[in-house]
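Chemist: Given chain A, put chain B in place with the hints provided.
In order, the protein sequence lines correspond to chains A and B. The first sequence begins at 1 in the numbering used here and counts up one residue at a time. The second sequence begins at 523 in the numbering used here and counts up one residue at a time.
Just to be clear, a hint being listed does not mean it is correct.
To be verified - Coverage of chain B stretches by chain A, computed from C-beta distances (three or more under 8 Å per stretch; other residues unrestricted):
hint: 1; stretch: 589 to 603
hint: 2; stretch: 612 to 618
hint: 3; stretch: 635 to 646
Claimed, not checked - Here are the computed lysine to any residue pairs in the SDA-like style, where the Cα-Cα straight-line distance is at most 25 Å:
hint: 4; chain 1: A; residue 1: LYS462; chain 2: B; residue 2: GLU710
hint: 5; chain 1: B; residue 1: LYS700; chain 2: A; residue 2: LEU499
hint: 6; chain 1: A; residue 1: LYS333; chain 2: B; residue 2: ALA682
hint: 7; chain 1: A; residue 1: LYS81; chain 2: A; residue 2: ASP252
hint: 8; chain 1: A; residue 1: LYS350; chain 2: A; residue 2: CYS317
hint: 9; chain 1: A; residue 1: LYS459; chain 2: B; residue 2: ARG666
hint: 10; chain 1: A; residue 1: LYS329; chain 2: B; residue 2: ASP645
hint: 11; chain 1: A; residue 1: LYS377; chain 2: A; residue 2: ASP269
hint: 12; chain 1: B; residue 1: LYS670; chain 2: A; residue 2: VAL493
hint: 13; chain 1: A; residue 1: LYS377; chain 2: A; residue 2: THR284
hint: 14; chain 1: B; residue 1: LYS670; chain 2: A; residue 2: LEU499
hint: 15; chain 1: A; residue 1: LYS462; chain 2: A; residue 2: ASP485
hint: 16; chain 1: A; residue 1: LYS333; chain 2: A; residue 2: LYS377
hint: 17; chain 1: A; residue 1: LYS132; chain 2: A; residue 2: PRO16
hint: 18; chain 1: A; residue 1: LYS132; chain 2: A; residue 2: PHE18
hint: 19; chain 1: A; residue 1: LYS459; chain 2: B; residue 2: VAL665
hint: 20; chain 1: A; residue 1: LYS333; chain 2: B; residue 2: GLY651
As the list claims (entries may be wrong) - Negatives, chain B to chain A, calculated, CB over 10 Å:
hint: 21; residue: LYS535
hint: 22; residue: SER544
hint: 23; residue: ASN674
hint: 24; residue: ARG678
The hints are simulated quantities; they were obtained by calculation from the structure and are not laboratory data. Glycine included, each C-beta is placed from N, C-alpha and C at the ideal position.
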Amino acid sequence: MGSPRTGMTFCAIFVPDFLLRAVERSEPALRNKPLVLLDGPAPTFRVIAVNAMACALGVTLGLTKAAAAEFSGVEIRLRSKEQEAAAHAALLDAAWSFSPRVENTAQDIVLLDLAGLTTLFGSYENVTLQIKSRCTALGFDVHVGVSENVEMARISAYARPGPTIVPAGEEARFLESLAIGLLSPSRELAEVFNQWGIVNCGGLAALPVLSLSECVGQEGVRLHAIANGKGNRSLIIAEPTHLFEEFLELDDAVEELEPLSFLLGRLLDQLCVRLSARALAVRTIQLQLELQPGFEKAFDASKEQLRTKQFPETFYCTLVLPRPVQDAKLLLKLLRLRLQASSPKAPVQKIQMRAEPDRALAIQCGLFLAAVPDPDKLELTLARIANVVGENNVGSPELLDCHKPDAFRMQRFSASEQAALDPKEIEDSKIGFRAIRPRVPARVEFQGGQPVHIWFQGKSGKVVHASGPWRCSGEWWQERGWQEDAWDLEVRVAGEDRLWSAAYCIVFDSLEKEWFVRGSYD
Amino acid sequence: MRSSTASLRLHVKSALAGRVASPFRLREARVPVFVPTGIAALDELVGGLPRGSLTEIYGPPCSGKTSILHSALASRTWSSEVCALVDAQDAFDPSGSQASGVLLQRLLWVRCRGLEQAFRSLDLLLHGGGFGFIALDLGDVAVRQVRKVPLNVWFRLRRAVEDTSTVLLVLSQESNAKSCASLVLRLEKEASRWSLQKRKSAEAAFHTPGCLLDGSACLAEVVRSHQRHKKLHFIDGLNRQDGSAEGIARFAVNSDQYAAEEMRLESGLLPLQEEQPKNRQEELEEETQERVKKPG
Numbered sequence: 001m002g003s004p005r006t007g008m009t010f011c012a013i014f015v016p017d018f019l020l021r022a023v024e025r026s027e028p029a030l031r032n033k034p035l036v037l038l039d040g041p042a043p044t045f046r047v048i049a050v051n052a053m054a055c056a057l058g059v060t061l062g063l064t065k066a067a068a069a070e071f072s073g074v075e076i077r078l079r080s081k082e083q084e085a086a087a088h089a090a091l092l093d094a095a096w097s098f099s100p101r102v103e104n105t106a107q108d109i110v111l112l113d114l115a116g117l118t119t120l121f122g123s124y125e126n127v128t129l130q131i132k133s134r135c136t137a138l139g140f141d142v143h144v145g146v147s148e149n150v151e152m153a154r155i156s157a158y159a160r161p162g163p164t165i166v167p168a169g170e171e172a173r174f175l176e177s178l179a180i181g182l183l184s185p186s187r188e189l190a191e192v193f194n195q196w197g198i199v200n201c202g203g204l205a206a207l208p209v210l211s212l213s214e215c216v217g218q219e220g221v222r223l224h225a226i227a228n229g230k231g232n233r234s235l236i237i238a239e240p241t242h243l244f245e246e247f248l249e250l251d252d253a254v255e256e257l258e259p260l261s262f263l264l265g266r267l268l269d270q271l272c273v274r275l276s277a278r279a280l281a282v283r284t285i286q287l288q289l290e291l292q293p294g295f296e297k298a299f300d301a302s303k304e305q306l307r308t309k310q311f312p313e314t315f316y317c318t319l320v321l322p323r324p325v326q327d328a329k330l331l332l333k334l335l336r337l338r339l340q341a342s343s344p345k346a347p348v349q350k351i352q353m354r355a356e357p358d359r360a361l362a363i364q365c366g367l368f369l370a371a372v373p374d375p376d377k378l379e380l381t382l383a384r385i386a387n388v389v390g391e392n393n394v395g396s397p398e399l400l401d402c403h404k405p406d407a408f409r410m411q412r413f414s415a416s417e418q419a420a421l422d423p424k425e426i427e428d429s430k431i432g433f434r435a436i437r438p439r440v441p442a443r444v445e446f447q448g449g450q451p452v453h454i455w456f457q458g459k460s461g462k463v464v465h466a467s468g469p470w471r472c473s474g475e476w477w478q479e480r481g482w483q484e485d486a487w488d489l490e491v492r493v494a495g496e497d498r499l500w501s502a503a504y505c506i507v508f509d510s511l512e513k514e515w516f517v518r519g520s521y522d
Numbered sequence: 523m524r525s526s527t528a529s530l531r532l533h534v535k536s537a538l539a540g541r542v543a544s545p546f547r548l549r550e551a552r553v554p555v556f557v558p559t560g561i562a563a564l565d566e567l568v569g570g571l572p573r574g575s576l577t578e579i580y581g582p583p584c585s586g587k588t589s590i591l592h593s594a595l596a597s598r599t600w601s602s603e604v605c606a607l608v609d610a611q612d613a614f615d616p617s618g619s620q621a622s623g624v625l626l627q628r629l630l631w632v633r634c635r636g637l638e639q640a641f642r643s644l645d646l647l648l649h650g651g652g653f654g655f656i657a658l659d660l661g662d663v664a665v666r667q668v669r670k671v672p673l674n675v676w677f678r679l680r681r682a683v684e685d686t687s688t689v690l691l692v693l694s695q696e697s698n699a700k701s702c703a704s705l706v707l708r709l710e711k712e713a714s715r716w717s718l719q720k721r722k723s724a725e726a727a728f729h730t731p732g733c734l735l736d737g738s739a740c741l742a743e744v745v746r747s748h749q750r751h752k753k754l755h756f757i758d759g760l761n762r763q764d765g766s767a768e769g770i771a772r773f774a775v776n777s778d779q780y781a782a783e784e785m786r787l788e789s790g791l792l793p794l795q796e797e798q799p800k801n802r803q804e805e806l807e808e809e810t811q812e813r814v815k816k817p818g
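Okay, chain A solo, but in the shape it has when bound (with noise of 0.2 Å):
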């Protein structure tokens, strides 16, 4: 079985009860609970799966709704097209976690090439088991299949959980007894064969060729030559995409954070894995929250209401990062902040979260660097601190490149380890700048063209020293065009408890034709 081979190796991972499997994805608490699937137009529901437990209760496929709800304890879903896309999107990613050479056969079963993985893992059996460990963490119980024979692989992994080698030259014997539905013949065929009382693969391979040709035409043979096991065929390869979407439709409309943030973090959990499966990180979130509408706007049957009805408000939140983050609980307790910060104004109703993968970054800190903070610690303390004074007050600031005094924008912080730089650049030291933001109102008294007393902020001082004006202006070709005149003064100010001399830069501002004090020297 596990006998080194020559020539190249396919392997199929198939998801038994896909449809079951994707909603159990979304909730896993639904996986120890009889659970139905219904599907079809609004008024008329229909079972179309159901697991094992409820079964065993007695529900049939093709039940309607109010005939399922009847049983006790059955767990009743909707299918939603999204989680099926979601959850099939996972099973590729587990695929392509182990070899770009990937066919997307059909929504339930992926095929791939195990060409070098065994100079990774070993043998077959440790590979087999690697993606079966790989697909449980992704929250599919999967069927493993291996063959040399790509239609081998896939029908073995059809047939038994697994994992399943089928050794070279053996696989005429594995499919003899193997049901003829396995090889998924045409309704007409398996018809016909029916009728002939053929069941098993054995009996199909027993056949005439030739005979079978003229009677059931070429589709008969590519069954026949695959129930010999030589029916061998190519890989169709399905270029790797980097979408990377999560679904969540709730029954009943969530309203506080607390249980929305419970939701957020499966959603995260299910995407960092997908994530770390291809080596991959997040650099952006973006969480698209569909809103219940009002309970006012239910009874409002004025014709805008009536047209917007059909489309419920939706909220919009993007989380940036610095650097791709992994860690699912950073990017939930992040996400909760930005929540926290500004939340959606009505119930949840479904949730939506893409993720913009980018490379995880590897770093390999310096012995001899200054130390930094821990980047992910950082990003969560600048967020709440984000929270406390404001997102835009917050990070390092980045000069503008005009004349206009006080110019400035805050840009986001990031720290990194950087060599210490030659000291020797730093000029003496200078004298420091206060900013009083915004700049306060003045009332100036002048003598002789000199400022000789100062009001502004319920203080007054008597000038003892003032040095102006200096002109400037800018951006006058602009509607927002500035034009001042500066002064530096030294006011003896009457404080609350003492009398201090301070110095001050007060400035005219000619459009507006008042005066301020921009701020102090200390």
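Modeler: Below, chain B without anything else, positioned relative to chain A:
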């Protein structure tokens, strides 16, 4: 008696086993590590700012607190340390600090509106860890408000910064941290310097918007230092008459290099009344009068 004491010691030791390594031994005093402030006179006086401790610098407006802050930030950012400034009244001047040598991209600036925001942000930063230098600027907060900050807040800050390599610097108008600070410096302005003797036009190197204030001379006094056990001298004491008083340092902060050189050379800081430069307005008036006097 001796046996009962020994049994009691044994009982305490066993009760604290796993939590306290040696309950009856004093903690070994850490050898403090100092980082330079960037002002030579201050570094000479106190050895710099201690890591893992709370340092408080206080003084009235215009006493040089912000200049020390900028110098220290410049020194730390050039050493590639990550610095943070919790600005209680949003008074930080980025362009002035850059002129002082601060690398703004290595500075986290938290612009607060009030004491509550400032202390909450400071707590988060200290517990986040990894910062080499954190400054809390309360320089523009009303003195009465800062007085209301309970002493246990300062004690908590001291404990938060202990056993870390972070320098925690607090700037305020009055001393508030009391014994929680391991180094307390009091600042006072001695004189300001104004001139228009050699410049009649603005240059990029000049810091002040009016381009006319050259700088000021400041005086720093060590009020408390855990590293100094000598008798300290006070600003208003007898030693103030000579500049070499123990526990006192004088330093100048300048608006440009030219003024710095000039201040080093001159002994007196304030120019005499008759030597005081004419301001721009007077010069303009004189020029106008001369033009009027000239024939034609």
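Chemist: Which constraints among the numbered hints does this structure fail? Numbers only, ascending.
Modeler: Every hint satisfied by this model.
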